[in-house]
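Undergrad: As a plain string of letters, each chain reads:
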Amino acid sequence: MHIPVDFIDSFWRESVKTFKILSRNKMGLFGFIMVILIILISFLGPLLWPPETSANVAEINKGISADHWLGTDFQGQDNLRKIINGGKDIVTIALLTGVLSMLIAVVVGSFSAFIGGRVDGILMDLVNIWLTIPKFPLLAVLATVLSLKDVITLSVLMALLDWPALARQVRSQVLSLKSREYIEAATMLDLGTPRIIFRELLPNMMSFIAISTIFEMTHAIYQQTGLVFLGIVPYSSANWGVMISAAERRGVLFNPQAAWSILAPMAAIVLFQLALVSFARSLDEIFNPRLRTGV
Amino acid sequence: MTTITNSHTTSHPVLDGIRTVASSYLLRRLAKALFSIWLVATITFFVIRAMPGSAIDILIQDLTAQGVSSDDARNQAAALMGIDLDQPLSEQYLDYLNNVIHGDFGRSYRSAGLSVTEMITRVLPWTLFSVGLSLIITFVLGIALGTIMAYKRDTWIDHLLSNLAATLDAVSPYLIGLLAILFFGIIWKLVPIMEMRGAMSSGMKPGFTVAFLVDIFKHVRVLLLVYVLSSIGSWMLQMKSNTVATLGEDYVTVARARGLTDGRILTAYVGRNATLPLFTRLAISVGFIVGGSVLLETLFTYQGVGFLLARSISERDYPVMQGVFLVITISVVFANLLADYVYGWLDPRIRLVGGDN
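From first to last, the protein sequence lines are chains A and B.
Start counting the first sequence at 0; every next residue gets the next number (numbering that gives the first Met the number 0).
Start counting the second sequence at 0; every next residue gets the next number (numbering that gives the first Met the number 0).
Calculated from the structure, these hints are not laboratory results.
All values derive from a computational prediction rather than experimental measurement.
Among these hints, one or two may not hold up.
[Claimed, not checked] Quick list of simulated restraints, FRET-style, between CB atoms: (1) GLY247/B to ASN254/A: 49 to 57 angstroms; (2) GLU180/A to ASN162/B: 36 to 44 angstroms; (3) THR63/B to ILE59/A: 56 to 64 angstroms; (4) PHE128/B to SER146/A: 28 to 36 angstroms; (5) TRP37/B to SER178/A: 51 to 59 angstroms; (6) ARG117/A to LYS217/B: 49 to 57 angstroms; (7) GLY247/B to PRO193/A: 33 to 41 angstroms; (8) TRP155/B to LYS19/A: 24 to 32 angstroms; (9) ALA267/B to ILE7/A: 41 to 49 angstroms.
All C-beta atoms, glycine included, are put in the ideal place defined by N, C-alpha and C.
The following block holds chain A by itself, in its conformation from the complex (with noise of 0.2 angstroms):
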């Protein structure tokens, strides 16, 4: 079984290398940064502040202040432990997302283009028909129909939807790599199919795959907080697109003084997706050699 070390151990070096590359642009390292920090806050800040149970009538809708870095709610509640404690689902649903479709992306992509011919022209058709569905207003009718009620459910039948479009390009990056010479002096070597897809292929792609996953984070993001928005699924009270939503029934759009219970939470999502923007766009202009010189 020395394939997948030999792969893990490319994969780790791969990194180091891309951290390394990360480090020189400030744009990229600053994503890398605000990323692991939102994670790291969403699953272990709830563990030091735990949410708070009972409304606080006196301090209803209440601006900034030094008790209250980011206001209150229209329950009294302070924004800024709701938003420590409502990162959660959202980086759990975009990271099972990302991932999952992107698994599927890579298999039938790769998959695809290895096999050629016929079945690869009917798979691609296929995806290209597919494209050209709404995929918001269908996952918002599957997601009513089927009423999901936890975040893996969700999560999945998002990658289900989403998987064609990132298998597609998948796809035409492992023709263009195939093509390469060292892709076919392997292949003449007679190194076995796994060992060139692990060894030469996948290792070549990972920057790719990485930036793709990325993407469809943002968008599972997205999806998710329009779904919540829609009052499809109310899987959890803390939660980041529950808060604006829950604040946007309340009329506070319409109440000044509360605006702070709606743009905190905003501010948590658009910097969530920027940092992972910013991230994957950096990763974007290092690996691809024509963007770096800054055409």
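Mind docking chain B on chain A? Use the hints.
TA: Showing chain B alone in chain A's frame:
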């Protein structure tokens, strides 16, 4: 979308070749469009009818919960959805497809038996109007700004616009909409958000009068701005990279060497070739904006198909939900088809290769 490869069709007698291949290209595109509509209709059928815990089961449960006897509930649900529950599933499926082809989507469960088709035709023009207008604005503005970014690359204008575009591209339309309401409507008080609800003021008579046009524009303006802001980022970035790539082409260098003016090079050489690939994006953009319209129309209480879909979802009005969803999908699929045709017409290479692929 369409694959671009070099054509090797010179062996054909030119005119004849173009005619046959073009017709098969059109037919192939049409077949794909019809297939995607069939696919979505089938998925919808299974979700509504065949799956355990499907919409029709929930509808029957809902009706029984309201005190309707279980037989009556079954009949009522079947009548609303336009499905005969006593037939075998395959018969139901064929009936359902037949209804969809004839534009019959059953009757609303909440709005007292109103025909779904009628409800949709009432709101569809507003979505076509707002989405269409925003697409045109975004396309023109995105191309203009992208070209400026490419020509002024690595100056402060480029950096400013690039960062702006990347930020807008990263933030979801729904959040941009919330921000627009919060800042334009509430904090800066630039627009009267409350009065802007709906697609037009009550009592306004539709027609080609100045008052009507001004009124619908007043209602749509913030929504339009949000649509444009939420989709312009990717247009700008792509137009920039296309233009940069085109500027490096040999024919542009030759045109410069021939002493053509910058304006002529921009319009006749760079602009045309850089814009061409963006037409395929138009189709993707339609799907994106229509998808976003479910959230944005709800946020702005703008009575379009997205609003209707969101309302039917929150009211669990399954016949309406099914109908609106199918209509949205069919519109987007046909918009794609149209974009494909336009692209094939603009770029003959696609049409020629499309045939023998």
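Undergrad: Could you work out which earlier hints the structure fails to respect and list their numbers in ascending sequence?
TA: Checked against the structure, the hints that fail are numbers 3, 5 and 9, while the rest are satisfied.
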